[in-house]
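Quick mapping for you: the protein sequence lines, in order, are chains E and P.
So the number in our numbering is just where the residue sits in the first sequence, counting from 1, plus 97.
So the number in our numbering is just where the residue sits in the second sequence, counting from 1, plus 226.
Check the hints yourself; a few may be wrong.
[As the list claims (entries may be wrong)] When the alpha-carbon atoms are kept at most 20 Å apart in a straight line, the in silico DMTMM-like pairs for lysine to aspartate or glutamate are as follows: (1) P:K543 to E:D293; (2) E:K325 to P:E441; (3) P:K442 to E:E297.
Note that these hints are calculated values from the structure, not bench results.
As the structure is a computational prediction, the values presented were derived from the model and not from experiment.
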Amino acid sequence: MLYLTEILGLPVIDSSGKKAGKVAELAVASVVQPSRVAMLLLKNTKGKPSIAVPFENVSAFSSEEIRLRVAREKLELFQPDEALLLLRKDLLDQQIIDVNGRKVVRVNDLSFSEQVVNGHTELLLSEVDIGLSGALRRLLHGALPRTWLRKLESHVKGTFIRWEFVDLLEADPLRQVKLNISHKVLRGLHPADLADIMEELAPKERQAIFTALDDATAAAALSEIPRKLQVSILDSLEKTRAADILEEMPPDAAADLLAELPAETSTELLQDMDREEAAELGELLGFPENSAGGRMTTDYVAIPSTADVEAASNLIRGAPELPENFAAIFLVDTEGKLIGTVALSQLIVAEPQTSLEELQSEPLLSIPAQAPEEDIVELFDKYNLLSLPVVDEEQILIGVVTVDDIVSVLRKKS
Amino acid sequence: MNFLKRWKTHILIFLAVIGPGFITANVDNDAGGIYTYSLAGARYGYTLLWTLIPITFVLIVVQEMSARLGAVTGKGLADLIREEFGFRITFFLMLVLTVANLANVMAEFAGVASSMAIFGISKYISVPVVAFFVWLLVVRGTYKSVEKVFLFACSFYVCYIISGVLAKPDWIEAAQAVVRPTIHMETGYLIMLVGMIGATVAPWMQFYLQSAIVEKGVGQKQYAESRLEVIVGCLVMVGVTFFIIVACAATIHTNGRQDIVDAADAAIALRPLAGDYASLLFAFGLFNASVFAASILPLATAYSVCEGLGFEAGVNKKFREAPVFYWLYTLLIVIGGGLILIPGIPLVLVSYFSQVANGFLLPFVLVFLLLLVNRVDLMGGFKNSRGYNLIAGSTVAVLVVLTLLLLGLEIF
Chain E
98 MLYLTEILGL PVIDSSGKKA GKVAELAVAS VVQPSRVAML LLKNTKGKPS IAVPFENVSA
158 FSSEEIRLRV AREKLELFQP DEALLLLRKD LLDQQIIDVN GRKVVRVNDL SFSEQVVNGH
218 TELLLSEVDI GLSGALRRLL HGALPRTWLR KLESHVKGTF IRWEFVDLLE ADPLRQVKLN
278 ISHKVLRGLH PADLADIMEE LAPKERQAIF TALDDATAAA ALSEIPRKLQ VSILDSLEKT
338 RAADILEEMP PDAAADLLAE LPAETSTELL QDMDREEAAE LGELLGFPEN SAGGRMTTDY
398 VAIPSTADVE AASNLIRGAP ELPENFAAIF LVDTEGKLIG TVALSQLIVA EPQTSLEELQ
458 SEPLLSIPAQ APEEDIVELF DKYNLLSLPV VDEEQILIGV VTVDDIVSVL RKKS
Chain P
227 MNFLKRWKTH ILIFLAVIGP GFITANVDND AGGIYTYSLA GARYGYTLLW TLIPITFVLI
287 VVQEMSARLG AVTGKGLADL IREEFGFRIT FFLMLVLTVA NLANVMAEFA GVASSMAIFG
347 ISKYISVPVV AFFVWLLVVR GTYKSVEKVF LFACSFYVCY IISGVLAKPD WIEAAQAVVR
407 PTIHMETGYL IMLVGMIGAT VAPWMQFYLQ SAIVEKGVGQ KQYAESRLEV IVGCLVMVGV
467 TFFIIVACAA TIHTNGRQDI VDAADAAIAL RPLAGDYASL LFAFGLFNAS VFAASILPLA
527 TAYSVCEGLG FEAGVNKKFR EAPVFYWLYT LLIVIGGGLI LIPGIPLVLV SYFSQVANGF
587 LLPFVLVFLL LLVNRVDLMG GFKNSRGYNL IAGSTVAVLV VLTLLLLGLE IF
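Excised from the complex, chain E in its bound form:
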């Protein structure tokens, strides 16, 4: 096990025993795992450009010095290359996302493992050190002999993250592409955790991540982020991209967010969106935020009241995606009027041929779109609801308020 702190500054000796310089930087060609060190950059004297040593030219590696298999005259000057990840400059002391621990951490040191491939040694980036032992090494390296320091380190608790669980932050979107950082690993995180991570980052890094994430992941994370930050993130993205993300968000969350934007921006975004989605959102925007209409989502499953359980199950199975907090389906007549509510639990245990009307919850509860928040909360509390259908003046089903919205209302009030 070798550490970056220990490698930096090591003397490099060429094939004829002459000193070629000191290690100033390690470069990795790609962030794909496992990452092998592709190049050493050497410095001779201050101010002079760095010399590049492809790692194939290294013949021996020890904690005292590095030996090359070529003469120093053969070495070429380093040509800056944006696609190379420079470990000291781009990684050491910078922040990264610890995907396993679901948080933003700062890099204290990097550790490498040695591996013999085709007769020559390769150096592989194995772990990122974010703990006390790394801090101690950074502080005391060079001031204490190496063996003493190693002994001291073994007494404190070290914290390491395996390289494959590291997500790099790069504020410049172009460089991000060149370094091949896709943030794919972030997809596995729960949107709420991802949102917490986003809150901790600087605006530019946040923007870079949102540019790279796929629409669905971006939308899920954005829904969980505090309102003020949502606005600034959406503001920083391109209009068409912002519209794509909004389309993927649950309609009620998207409408709430649009309501916070300047009228001009929200109109522009609505124009960029899919016609149907935009019409739905436009309708939602027409209701005051603290009314049933403002709180509801238009994502729900409605089914003709004449259908049976089998038809309903098939319909649900065939749906491209299911609503958030899906707890009940709604029965409607041919005009779209609300006839009844069937809890999913009822649907699961019932025989396939049972008519849906037999499974209806009693009494039939619904709320007019204009009703204030307090009335919804009261109904949820009284009847222990998970969801409540919202209707217009003609009893036509237009949306659903789900229990997660009620939790937000209550939390805002307390």
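With chain E held as given, fit chain P onto it using these hints.
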């Protein structure tokens, strides 16, 4: 009713315009600041007033740089120092910052002790009670709701303005002192100069202001507003400083006492306004300022250190998630308050020397601030102009020269 309502809207408007700049400026007029300015007026009369002009420039330039750095990079000062200068430099800077801030925390508890002494409450009661209150306020996360109360109580500083006028100071002499620099080559005077600078441009302010700007989400677009707010905050603060010095000069210095050893002495400056109630008024103002700063300083220090060194930080985290943060925060309060409980410790001098310590540390922080704010890759078009660098650079030079002079005078 109508009147009350109008009052309410006024307060609301006031609360709406205040932001990071204004809050930082007000916290800066803490116990250490009040005692240092009072001592300046009491010992040297009007003669130090000239320093306020250069100090105002420096204060605005420095605060504006911190705010700009925060708005453009979206990162705190400790974060940036770590990212650009590495672990070792950050470690030592944070160590020194912690020590200087501990001195400041002591000054706040000295303020609590001396103001409560006027009400006849022993420091062995007032300091532990306030320390516990402050600790709880932050750990429980209720600080934000109390902040506005502190800020409102800061209108107490208006008393100094009224009292300064009522004391009938020699305005001509004061005006001359503002524009005529005088320098004495004696240790006491030079220490006072360093203390004056350290009291107005305290190093913790740069860290605190920059973090506050980042946390508020001020970006490049909203920056013009924030800059105005920062500048107004600085001007208000220096205005208060001016009147504290004038009031003390006109009441304490001219009457031949020329020194301040406890809160009752410093309160004499408010006599023209409040007569026999001057002590009570001063005690109230000092108490508020001390508790306000005591709630911010230890927290800001813990945040900076943990950010810079890469430990988890935040009052929304649990103790076991962010142990270093909570321990540091708790220890700053316990040690800062605990040292004040030493019998016979001179409270006014403790406050004064904390500001001198600020003055010694300031050039180090300024150098890093300057290096960062001149980086094109970080700041782009927002990097420093030459005039800014000149003012900030000269401040560093002056502080270094003063420090060396002081060392020289001590040795020879």
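Now the hints, each set against the structure:
no., hint, verdict
1, P:K543 to E:D293, "12 Å, holds"
2, E:K325 to P:E441, "11 Å, holds"
3, P:K442 to E:E297, "13 Å, holds"
Every hint from the earlier list agrees with this structure, and none is contradicted.
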